[in-house]
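Protein sequences, first through last, are from chains C and G. If you count the first sequence from 1, position 60 lands on 60 in this note's numbering, and the numbers rise without skipping. If you count the second sequence from 1, position 158 lands on 1158 in this note's numbering, and the numbers rise without skipping.
No lab work stands behind these hints: they were computed from the structure. Don't take each hint at face value.
Derived lysine-lysine pairs resembling DSSO-like cross-links, with alpha carbons at most 27 Å apart [what the hints assert, rightly or not]:
id: 1; chain 1: G; residue 1: 1166; chain 2: G; residue 2: 1429
id: 2; chain 1: C; residue 1: 98; chain 2: G; residue 2: 1428
id: 3; chain 1: C; residue 1: 90; chain 2: G; residue 2: 1429
id: 4; chain 1: C; residue 1: 158; chain 2: C; residue 2: 134
id: 5; chain 1: C; residue 1: 158; chain 2: G; residue 2: 1166
id: 6; chain 1: G; residue 1: 1243; chain 2: G; residue 2: 1166
id: 7; chain 1: C; residue 1: 98; chain 2: G; residue 2: 1429
id: 8; chain 1: G; residue 1: 1288; chain 2: G; residue 2: 1243
id: 9; chain 1: G; residue 1: 1243; chain 2: C; residue 2: 90
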Amino acid sequence: MSSDPSDAASPSDVLVNVRPVEIVVCLILLGIGIVLAIENWRIGVSWGKEGPQSGYFPFRLSLILIAASGWGLCSTLWRSGSDDTAFVQKQAFARVLKVLLPTVLYVVAIYTVGLYVASALLILVFMTWIGGSKILISLVTSIGFSLAIFLLFEVYFKVLLPKGPLEAWLGF
Amino acid sequence: MDAVNSLMQGFAVLMTFDKLTLMLFGLSIGILVGVLPGLGGPNGVAILLPLTFGMDPTSAIVFLSCIYWGALFGGATTSILFNIPGEAWSVATTFDGHPMAQNGQAAEALTAAFTASFFGSLVAVIMITFLAPSIAGFALKFGPPEFFAVYFLTFCTFVGLGREEKHKVVISLVIGLLFAGVGMDTVTGELRMTFGFIELLKGFDFLVAVIGLFGISEILLTIEEKLAFNGKEARIRFSTVYKTWLTLPRYWITLVRSSFIGCWLGITPGGAIAASFMSYNLAKQFSKDRDGFGKGRIEGVLAPETAAHAAGTAALLPMLALGIPGSGTAAVLLGGLLVWGLQPGPLLFVEQKDFVWGLIASMYLGNLVGLILVLATVPLFAAVLRVPFTIVAPMIIAFCAIGAYAIENSIFDIWVMLGFGVVGYVFKKLGYPLAPLTLALVLGDRAEDAFRQTMIGSGGDVMALFGNSLVSTIMTFAFIFLLWSPLSQALGALGGLIWPGQKHNPAN
Chain C
1 MSSDPSDAAS PSDVLVNVRP VEIVVCLILL GIGIVLAIEN WRIGVSWGKE
51 GPQSGYFPFR LSLILIAASG WGLCSTLWRS GSDDTAFVQK QAFARVLKVL
101 LPTVLYVVAI YTVGLYVASA LLILVFMTWI GGSKILISLV TSIGFSLAIF
151 LLFEVYFKVL LPKGPLEAWL GF
Chain G
1001 MDAVNSLMQG FAVLMTFDKL TLMLFGLSIG ILVGVLPGLG GPNGVAILLP
1051 LTFGMDPTSA IVFLSCIYWG ALFGGATTSI LFNIPGEAWS VATTFDGHPM
1101 AQNGQAAEAL TAAFTASFFG SLVAVIMITF LAPSIAGFAL KFGPPEFFAV
1151 YFLTFCTFVG LGREEKHKVV ISLVIGLLFA GVGMDTVTGE LRMTFGFIEL
1201 LKGFDFLVAV IGLFGISEIL LTIEEKLAFN GKEARIRFST VYKTWLTLPR
1251 YWITLVRSSF IGCWLGITPG GAIAASFMSY NLAKQFSKDR DGFGKGRIEG
1301 VLAPETAAHA AGTAALLPML ALGIPGSGTA AVLLGGLLVW GLQPGPLLFV
1351 EQKDFVWGLI ASMYLGNLVG LILVLATVPL FAAVLRVPFT IVAPMIIAFC
1401 AIGAYAIENS IFDIWVMLGF GVVGYVFKKL GYPLAPLTLA LVLGDRAEDA
1451 FRQTMIGSGG DVMALFGNSL VSTIMTFAFI FLLWSPLSQA LGALGGLIWP
1501 GQKHNPAN
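Bound conformation, chain G alone (with noise of 0.2 Å):
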């Protein structure tokens, strides 16, 4: 056992008292990041990566991740208390989470997708702690051909996933990798795509570009609507809980099903979202009260919450294994990983084992800490959002501007940012998804690298890119997810069951 002994090295790692502090401030800033309107995994995340700049990297991503799990959290309260979906994948939440509330079952309902994220995050982690290793080991063989399918699958599951229109996947992708390219090519030297600017000789750092695109954007978004919080009261008694507890047992087939949903979907990018919409679906099917649902059945709570952070930390798979982010949280974190001076990839697993590890079991330990916490802090936290939005929001500006600039010291990407959110504001309004323009960004350059190191070796012959089994394989993965919709249109009854976001209105 291999992986249990690593994982107690791990928890080794962790115990101390700086770092279980950290873990304990990053889970209470998370949950402030995803209850507050404006500010969700990704942009809080990288708003508060500047803060760990003076750590070593094993307590930076101890905080980081944990704000991230601690957002995974305030997110399900938004839209059961507010009906407002902190992030994408919570919108199935909303479904019967809100219902619950407005029946004056809130405490319920807050206890129920608490628990059940915590249930669908652990099976993920279990999950990364055995399959990681060896699929890093696996990887430890791939090529530049190999690593350049890889990134081209995870382009074509955008696009084959995607609820969007496919043009617009497409354009959001193609821009992101065309920004990465901006400025100094690393191999050649030459300057590209700067028309003289000097500003844009280190190009765009995509971090800021993740500040603009999911902070400002959200801003504007927010304040056009003119939200009001209508929340519903939440205080959680003990004994509440208890009782929802005694309940959950009853539903381990929705939890164990949904779990699955969410580690799978979860690893392909973009999957959580699909995942939690999938999971809510087949669990109204497979329910002997179909039409319960919408008006406040517990399953509907407990289904989607559980793929969805199944899938979040399902997320972290690849990102730890292969270096590439199964989500644009995972995509922030990454670029941590580049600011501290890690190289992100299957190697971690060799030459890091203290930070991979110590990452992994505070997985566990951040998800059981965090759930306790939550608990315990739901009215605190939902006194938050009746605070009003014009001093909330300045303040969430001053904080996307201080991460914009921490990043490089520099005025200049305050503008970036600036200019990204607007672009984010017209893009989330046309329907334009913004987590592909994410991570090309992030991997444009290696995608880059790997393609021309890929041509180089074979001295120009695109057919080395199905050269072996192995990346033949990759490739006509990719190319199956790619033509994805009209091979699952084909399959008719399938498709239904995956994307029924249509025909579904939580209005009905």
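The shape of chain C in the complex, shown without the other chains (with noise of 0.2 Å):
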């Protein structure tokens, strides 16, 4: 990925640094993989009346998992943090989070409006509030996208996408 040298920062613009996360992630992988062993041991991990059991195979790979994160886990230890570079700073993850949270409550929205008016919203969230666009070229780009999607999606490809109280409004 391309680094800016303007872009460097300073150690406290630092939210989290590269080791720590590593180390989450490992400890993550590993009690998934401890999960995962124990589940498959529950259905059957050996030789049944017609073959291996359920849990033959994937027991096997939840150890081999174990076995990976077990051995990342203990050379990020083993390694000495002094050199340790960013994992995120925190202008960035803010950036980040602005994005993953109208995400979110797209998804949500999904449900209750469908997909057609939930996407405009979304555009029109991101161009005004992240994007610091006039409200009027928001309004018409968010509304004339999904009005394009419905028309590839709904009429002429005939796929059926999740609809809202608004298109059954319009006799969709």
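Dock chain to chain to rebuild the complex, using the hints, since each chain is given by itself in its own frame.
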């Protein structure tokens, strides 16, 4: 990925370094490995009447996962943390959240107002709140986009997507 | 000349107005997909897969593969004009492509890149035309142990050839295989790893995972880096194209060498990235003007583009002949085959002749039309990148949501996609490769089935995987790949040719 020298940050701008994230991810993977190993042990990992039982293959995979993430954990802990680099800067992470949170709300909105209206709202929010575009331009773009995908999917390719009260009111 | 006859039949299948229109449509969308940040080959094809549900399989595969060719062409555009590699294998193109654009030779660089891509894929398609049928014929003799051995070989090449830390490749593979196992066990009917969630009963759809892993995560990464798109202007005049073409025969050795590297490494999964770096470095090694590399040498564009495109095309050979995808996008196309009700594998060449040869014919035609199309429309598509990302990003997110939903008509899948998006974001930042995960997800079930059938056939004896000379040869190759890096270190100098990425820094 590109790294811009002007973006080089002082240590105070760093939200979290690579090493701790690396360790946490390994711990999570290790946890998943252990949970899955136990779960597969429960449904049977040995030789049944008609061949290997359901847990046979996944159980062995879980063991590999435990070994590999354990290895990753140990090697990260072993390495000295002095030359650690930033995983993410505070401002950069704020930007990520600014995208991620509206996206989560977008999926929630799909349940109630349907995908087309939710998509228009998502674009509207992005353009005005993050991009700082003018309201009128944002409105035209978002509604135009939703209309276009409606024509493309619903009408032309006959792929049915979640619809809400607005579409029902319009008779679709 | 059996292959030539079949190929002619393929062209006959292709020459209908509907299919040709679909090709043009697919190529244009593909170039757009390749140009836009956050959309690449695998997720671009996955998102548009729902559009093909109503088509016959041949039209569908022609449409989707044309998106793929378009995306490969489009990726070169952003590498050269914006210094943003669209795919990992376009990274090497930026080394000399972007300096050329900065020197005011954008049109020459683009012409060289597109023509090199065309040449590379032409060589690969010719190879597919003549090799694929015989490989498929050979693979018809395969039983479960052989298939498992081939899957195992696929997984091992990832571990052996991956540039990432080995344990991260293994984790990525195993996670993919485990996810593939979630849900109802097709053999015993038992529920596995669902922990009582009804939604998990059908398991994780791998297309949903691809859209999240490659689409959503890419958006998050792009927004985090706040990429300023400082693109160079591009206007391609026919005279420039003509002049550049006249210089190309001078570099025929580079072109031929890079094509062969691409074809060879493209067949092995995950090889396209290696191919582009390797051919770049070989071109540099053999050049009289080594110091000029990195400052805008035309060979620096020709070599990686030829190899990457050859590899990207060659990746379809194992998919067609063996049912094993050689790249992320090939994996998505394979997922498409399953959706359209076709069984991937060597039998395709026997049972679905029109489908296979229609696809191969479309590779010839699609790349030729793509070359003309991309040369003609580059300024248009480069302008797309000047649209603010705050407008493009929500549209891509909406398309990702549509793609994820439409596969099973399930809103839960959109959540799964978001989850995979966050996982992809963290994994990418930590250097976990995503391609093995994707491939393992799509091959997991079949690898397990092959393993079980082998075990049942042998009564539980693992040595069945070394039961005859064929299967033991494949298994031996698998272990060689698995232990590739210690072996190649032993071979010293050769290793330096294959992975000089660490030594090479474009800034130097």
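Hints, verified against the model:
Between residue 1166(G) and residue 1429(G) the CA atoms are separated by roughly 16 Å; this keeps the pair inside 27 Å, and the hint holds. Proximity of residue 98(C) to residue 1428(G) is assessed by CA-CA distance (about 20 Å); at most 27 Å being required, the pair is judged to hold. The suggested pairing of residue 90(C) with residue 1429(G) holds, with an alpha-carbon distance near 15 Å, which does not exceed 27 Å. For the suggested pair residue 158(C) and residue 134(C), the alpha carbons sit about 34 Å apart, so the restraint of at most 27 Å is broken.
Simply put, residue 158(C) and residue 1166(G) have alpha-carbon atoms about 45 Å apart, too far for the 27 Å limit, and the pair is violated. A C-alpha spacing of about 46 Å is found between residue 1243(G) and residue 1166(G), which places the hinted pair above 27 Å, so the restraint is violated. Among the hinted pairs, residue 98(C) with residue 1429(G) is consistent with the structure: their alpha-carbon atoms are about 19 Å apart, no more than 27 Å. About 23 Å separates the Cα atoms of residue 1288(G) and residue 1243(G), which keeps this hinted pair within 27 Å; it holds.
For the suggested pair residue 1243(G) and residue 90(C), the alpha carbons sit about 50 Å apart, so the restraint of at most 27 Å is broken.
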